[in-house]
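A.B. asks: Sequence:
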Amino acid sequence: MGFTTGFLGGVTLTYSLLYFSLYIHRANRSVQRSLLSQQATLLNSVVEPPPPLPEPPAYEVRRAGLVEALKDRWNSEIERVVRNFEETDWAEKRALLEEQAAIVWGKVKSSESAQNLETKTEELEQKLKDTVTRETERVKDVVSRETEKVKEVVSREAGRAKDAVASGTDKAKATVEDKVQDTFGREPRLLELK
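The opening position of the sequence shown corresponds to residue 1 in the UniProt record's numbering, with each subsequent residue numbered one higher.
Hints were generated in silico from the structure; no laboratory data involved.
Note that CB positions come from ideal geometry on N, CA and C, so glycine has one too.
Hints may contain errors.
[As the list claims (entries may be wrong)] Straight-line C-alpha distance at most 25 angstroms; calculated SDA-like pairs for lysine to any residue: (1) Lys129 <-> Val143; (2) Lys71 <-> Glu60; (3) Lys129 <-> Lys140.
[What the hints assert, rightly or not] Now the in silico label distances, taken between C-beta atoms and shown as ranges: (4) Pro51 <-> Ser21: 37 to 45 angstroms; (5) Pro54 <-> Thr5: 54 to 62 angstroms; (6) Glu87 <-> Ser30: 46 to 54 angstroms; (7) Gln100 <-> Arg73: 29 to 37 angstroms; (8) Leu13 <-> Pro49: 53 to 61 angstroms; (9) Thr5 <-> Ser37: 41 to 49 angstroms; (10) Arg83 <-> Val61: 24 to 32 angstroms; (11) Glu60 <-> Arg83: 27 to 35 angstroms; (12) Tyr15 <-> Glu79: 51 to 59 angstroms.
Put together the whole structure using the sequences plus the hints.
C.D. replies: Written out as structure tokens, the structure reads:
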């Protein structure tokens, strides 16, 4: 620890002790002064009565200005709204609104325009069903015609393939028979002898 830090630490400690001791001494003197004052007043009140207390000062009752009245009214309205919001049973409100919506929906559904709308909807539904049935039948007819055409083409091509295979088989038989005849039907040549 250097000279400077030691000196500053010592000054700080001394000043702190002096400050606290003066603070405690001042607080004790203040308590003693109030106790002595109370005792003096008590002793003096035995000999001579205490003087009467002075009249309280007259307070003026002023009406708040317009701005203050508006602020108070605004604050009370906000408090009321917040209190109502916090105290409201929202589940009950939801159930009540659902009931009212069901009643309104029932009235709308039973009204004349709703019945007209319902009949128009049924007519459109029937037209749509008829159109779908008609188009389904048309598609079935087209599919059956195309299936028949495909079957005809397949059978025609199968016949051609059979004819081609039969003619190919006949040619192959003739070629094989010629080869066999050539190989076994003639006399062996000199070079072919073993």
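A.B. asks: All hints are to be evaluated individually against the structure, with a verdict given for each.
C.D. replies: Taking the hints in turn, this is what the structure says about them:
1. Lys129 <-> Val143: holds (21 angstroms)
2. Lys71 <-> Glu60: holds (22 angstroms)
3. Lys129 <-> Lys140: Distance of about 16 angstroms is within 25 angstroms: holds.
4. Pro51 <-> Ser21: 37 to 45 angstroms: holds (39 angstroms)
5. Pro54 <-> Thr5: 54 to 62 angstroms: Taking Cβ atoms as reference, Pro54 and Thr5 lie about 60 angstroms apart, which means the hint holds.
6. Glu87 <-> Ser30: 46 to 54 angstroms: holds (52 angstroms)
7. Gln100 <-> Arg73: 29 to 37 angstroms: holds (33 angstroms)
8. Leu13 <-> Pro49: 53 to 61 angstroms: holds (54 angstroms)
9. Thr5 <-> Ser37: 41 to 49 angstroms: With Cβ atoms ~48 angstroms apart, the hint holds.
10. Arg83 <-> Val61: 24 to 32 angstroms: holds (30 angstroms)
11. Glu60 <-> Arg83: 27 to 35 angstroms: holds (34 angstroms)
12. Tyr15 <-> Glu79: 51 to 59 angstroms: holds (53 angstroms)
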